[in-house]
Amino acid sequence: MEYSKILENLLHRNEFFIVGKNVVRSDALDKCLGKAKFTADYIEKGTTIVKVIRSTKPHAFIKKIDPSIARNISGVDAILTSKDIPGINQIGYVLPDQPFLNDYKVHYIGDPIALICAQNEDVAQESIESMLIEYEDIPNVNDVDAALKNDSPKIHKDGNIAVTTKIRKGDFEKGFKEAKVIVEDTYWSPYQEHMCLEPDGAYAIPEGANKITVICESQSPHLVREKVASILGWNLNQVRIIQALTGGAFGKKDDTGPLLAAYAALSAVKLGKPSACIYDRIETFSTTPKRFPARFKYRSGADKNGKISAIEVDITLECGAYANRAPFWLWRQTAHAAGPYEVPNVAVDGRAVYTNKVYGGSYRGFGNLALHFAVEQQIDKLAHELKIDPVEFRLNNVLKVGSKTTCDQLLDHSVGMEKCLQGVKEASKWLDKRQSIWNGTKVRGWGVGCAYHGNSTSRSTPDWSAASLIMNIDGSLTYRTGICEIGQGSPFGHAKIVAEILGADISTIKIEQPDTDSTPDAKPTHGSRGLMMGGTAAADAALQLREKIVKVSAEMLYCQKEAVECKDSFAYNKKKPSIKIPFNEISEELHIRGENPAAYGFYTSPKRYYDSDTGLGINYSVYTFASTIAEVEVDTETGEVSVIKLWPAMDVGKAIDPQIIEGQIHGASSHGIGFALMENVQIKESKILNPSFKDYIIPSAMDTPEVDDAILVEEPYNHSAFGAKGVGEPSIISIVPAIINAIHHATGIRFNTLPVTPDKMYKALKEANK
Amino acid sequence: MRTLTGITLLKTHTLVGALEILSTLDRVQPIAGGTDLIPLIREVESKSTHFIDIYSIKELNGIYEESDSIIIGSTTTHSQLLSSKTVSEKIPALHDACSLIGSIQIRNRGTIGGNLCNASPAADSAPPLLVHDAEVNVSSLSKNQWMPLEEFFKGPKISALKSDELLIGIKVPISGNGCSAFKRIGRRKSFTLSIVNAAAFVERDGDSIKNLRLSIGSVAPTPLRMKKVEKEFIGSKLNHQTLTEIGQACSGQVNPIDDVRGTAEYRRDISSVLIKRALIEAWSRTGGK
Amino acid sequence: MIFELNGVNVIAELTTTVTLLDLLRTDFGLTSVKKGCEQGECGACTVLLDGMPVCSCLVLAPQVEGKRVTTIEGLSENPLMKELRDAFMENGAVQCGFCTPGMLLSSFALLRDNRHPTEDEVKVAIEGNICRCTGYVKIIEAILDAAEKISPD
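Protein chains in written order, with the numbering used here: chain A, 1 to 770; chain B, 771 to 1059; chain C, 1060 to 1212.
Each hint should be verified, as a subset may be incorrect.
[As the list claims (entries may be wrong)] Have a look at the derived ranges for each label pair, beta carbon to beta carbon:
no., chain 1, residue 1, chain 2, residue 2, range
1, B, Gln1018, A, Leu689, 26 to 36 angstroms
2, B, Gln1018, C, Asp1179, 27 to 37 angstroms
3, A, Asn120, C, Gly1088, 13 to 23 angstroms
4, A, Asp145, C, Asn1137, 51 to 61 angstroms
[Stated by the list, open to error] If you want the ones that stay clear, here's a sample from chain C, every Cβ over 10 angstroms from chain B, calculated:
no., residue
5, Val1069
6, Glu1124
7, Glu1136
8, Arg1171
9, Glu1186
10, Glu1207
It is worth saying that the hints were derived from the structure and are not from the lab. Every residue, glycine too, gets a C-beta built ideally from N, C-alpha and C.
Working from the sequences, and respecting the hints, build out all of it.
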C-alpha cells in the first residue's frame, strides 16, 4: 500500500484539510498554564526517596559492601544491593556487560552499586556518606589508545573492544590510484551532554502485592517495562509504565528511563511503599550516558572530473564503561560513512572501545554528527584542492534518485539532497559570498554542511509500529500511541494524520498518555522514527475506522460510498453538501449497526538486511536529507566566534506541520551551535570536572543567530503516511560542519577537534600569524 | 546536592541587630541575594550553621549622591545599579559591568556587596570600582573603618572581612571629568562567568591622558590595579601606538592560571585586548577620538 | 511566615530552611515552578518576587515574608499573560514545555514594563531562561508578536 498516496488514492481529493498547515499543538495550552505535569510533579508527600550509591573509583574490584551503619540511620527504610534483585541483574542494552547493581567490579566513577531508600533527602545524604565500600584499585584506562594496547587492563572479560564493523565496496586502492587529489586527516568528536532541562526521574507506586506502576520519563515505555520486569523477575503485564510528559530527551531518556524506573520500582516492591528516584543536575551530568566520543581517520580521493573516487575510513568509537548503544551507533556511522554522496569504492573499519569513563548512549544525531564533522571537512578540502567551489563540488557528487549509498543501497525515490543544497545556495546568495569580509578586527565567512540520516533504528532490525483509535459514542476520538511526547510534537503529528484521514476536527482527538496497560507498543521514540513509523500506524488505524464511517454515512445519506466526504467532524454527500451528519450521530449508528468503532493500526517497514562480511545491503528504509549554510563572524582579537545567520533546508518527505518542523530545525541548530562552539565535557583522570550549567556552556537566547526561513523540500517516501520522513536529527548534523567550514572560510583555519572555544580560536590564529 | 536543613536563617531589620549577632554567635554567614552563597552551600559542606539575612536592613540599601562622592549600600542589587542615572552617568564602568552580570533573575537578587564579599578574582564589579578608587566601609559592633577596595581583596575568594564584620557600603569619589568603561570576555555572549574582565578610567586633556586608572580581573588571585602602567602613561597622548604599549605593559603585569574556564596564556593575551578596548571606550566617552 | 502568593495572603509553616522553590512546590502544590538545576543557572524555577523575575531556587523561603510572590498559576486570567500565551501557542514557541512557565514569566515582566521591546531587549529579558528544545527563535518571535498585538504601531 502506498501510504504516501492516501490523499489521492484513498481520500479521493487533492486538497489537504489539516496536513501541511500550521496548527496549535494540543498540549501547548496546559504547558502555558503551568498545568502540564512532569514526573516530579506527581510525587506525593511521604514518598520514599531512592538514591543511588555509586562508585568513587573509575576501575576497581569491589571487595566489600558494608551497609550496616548506613542501614541503622533513623529514617532509612532499606539499602538494596544486588542480593535484593529478584530477577536478572543485567541491564546491558545489546551486550550483557552492564549489571544493574554492581557487586563485583566497577567501571567508571558513578557506577551504581546500591540503592538507599530513605524518608527524606537529609537521611538519604547521611546514609550515602555512611556506606562503607572497600575497593581494590585496578589501573584505569583513560583513553581509547590506552585501551587498544595489548597490555592494557581489561575492562570487560572479553577485552576492550565491544564490537567491530566493516564495509568493503568496490576496490578502494584502485579508486585512490584514479584520484587526482587525495586528502587525509584525523578528526576527533568529543562527548556532549544533552542538558535536558528536566533532570531524570521516576516515581513508582505498588498496586497490591503483584503489580507496580511507574510514572517516569522515557522514550519507550515498553522498553522500560521490559527492563523493570526483568529486574523484578515479573511478567510484563505486572508492570505498568506511564510516560509522563518529558522535559527534553534528545536520546538521554531512552537510556535513563529504564534505569530510574527500575530503581524506583525495586524500592517500591521491596518496601510496599511509593518510591521516587529523581536526580539533581550534578548527578544527571556526572553519571548518565552522553554522546559517544569518536575518532575518524579519513582518507578521500577525487578524480579530475571532481568525482569522489574512493574513501578509506577508520572509526574508533569510545564506549566508556559500557557498550550500551555502541553496536547501533558505530553501525550507523559505518553505514553512512561516505556522507550524502555517491562513492563507488569504500573501505570502512570501525571498532567500539571501552574506557573507564561515563558511557555513551542515545543522542540526537546518533553518530552522524561525528561522521559528518569529518566528511564535510574532507569534502571541502577535496573541493579546495581541485579549485572547485565547495557547493558545486557537492552538487556534482550528491546522492540522487538512482544513486547508491555507502553500503550500496539503491535509492529509488525520495532523495531531496540536491534540492536542499540548491535551495540554500540560492537563499544565501552563496556565489556572492565567496570572499571573507573584514570589518575592523572581525572577519565573516560562510560555510556549507550537508547531511543525511537513515530513519529509524540501525542494524536493519525489524521495524514496526502500532496505534489504537477509538471513536467514542459522542463522536470524539481517543488515540493511543507508544510514541512519546518529548517536545518534538510527533504524537500531535499522528493526530493530524488521523484528523486528515477521518475528516475529523482536530480538537475532538485526544491523545492519551503512553501507558503500557493500554497503549500499543509503537517501538521507541528515537532515530527520527516517531512520525515516520508511528504516524503510519496511526494512518493504518484511521483508514480502518474511516472505512466504517464512510460505509455508515453512505447508508445514512443514501448515496454511494465514493460520494461521501468527511470534514470538520461532519459527513456529507459531495453532490449535496448542505446535508451534513455530525460524527456523534454517525458514531451512534456505528454502534447500533454493529460496526466496530475501534481500530488497531499496525505498520511494518519494508525489510532491510545487510551482509555482515561486506557490510553491504539495505540499511535504512529511507533517508532524510539536510543542508545548512552558516555565516560566522570571528573576532580575531579575542577568538570569539559568533554564528550570525543560518540558511537551513531539509527534505522532509511531506511536511505534516511546517511550524513544528521549523521548531525542530531551530532547536537542532542551537544544539549544534553549542556543540561546535561552547560545549565541553571536561574530564580529568576519568572524573567530570564541570557537571553543571555554570561550567558546561550551552546557548542562551543571546546566542541565537538570525535564521532564514527553513526550506522544506518534499520528496515523499512511498511507505509512510502522506510521505512524511523523520526530521528531528538532520539539522544538528548539517550545522556543525557548516560552522567549522565557515570558520575556515573566514580565517583559513581548520579545526579537527571541538569545541572551537574563544581560547582555541585565538591560539590557532596566533599560531597562524607566526 | 546538599539540602539546607542544617542551616538556620536569622533575621534582623537593623544594622545594630546584625552586628550584634555577628559578634556573639560563631559560624554566622551574612546573606543577601544568595546568588553566590546558595549554590555554594549546595555543592560544598557549609562551615556556617547560621545565616543572617541582611536583605531587609534599610541602611544597607540605596545609592546616595553626596557632594564629592557616591555612596552605595552593600545590599544594593545589580538591577538597582543598572536603573540608576547617577551610576550610569558618573560610574559608567559599573553600569557596564552590572548589565553583564548574570541574567535578569540574578541581577534582581544579587548585590554589589555580595559580589565583592565573594571576592572571586573574576568579580565583575571589582575592576570598575577599582578604577574609580572606591573605598569600602567595613563595620563590626566595636569598630567602623573605611579601606581602599584594593585592600579588601586578600586572595581568591578571600576578603578582608572578619567573622564579626559586615560590609556596609562603598564610596566612589567623584571629581574631575573622567569617564570609565568595562569590558569582559565570557564563554558565550552572556550569562556566564568572565574569563577575563577589565576596566579603564581616563581623564582627557586635549588628546593627552591627564589621569589614568586601569584594572584587570581574573588574571591573578585578586582583581588588580595596574598602578605601574598608569604612572608610566599619564601625560602621554593616546594613539594607536600608546594603546598598544599600554596593552602590552598590562599583559606583563598579570599572573593568570589555567582553570576550567580558560588558559593562562589566553588570559594574558586577552587582558591586553580588553584593557585597550575599555580604554578606547572610556576615552570616547570623554569626547575624545 | 506570612506572604502574598498569587494575590492571596498565605501562611507558611517553616520547620526547616528550604528554598522558595521547594516551599512553592511541596507546601503549595505549585508544580508549574520547575526544578532544573537548583543553582540559578537555568531559569526553570523563575517566579515574580514583588513583580521582578528571580530564580526561586536562590531565594530562601523566609526571605519572602511580607512580599508578593507570583507564579504562572496566579496570572492565568491576566490579559497580558493571555496575549503572551496565545502568541507562544500560535508561534510554535512551546515544545517540551519545561521552560515555558519561567519563560512566560520573564516575558510577562518585560512586556509589562516595556511595550515596544527591540529584539535585543527581548533576548536580554529571557537570557536567564534556558531552552534546549526551541533554539529560542520562535520564543523571540512570539514575544515580539505579543508586543505587536498589545500595542500595535
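*Compare the structure with the hints numbered earlier in the document and write down the numbers of the violated ones, lowest to highest.*
6 and 9
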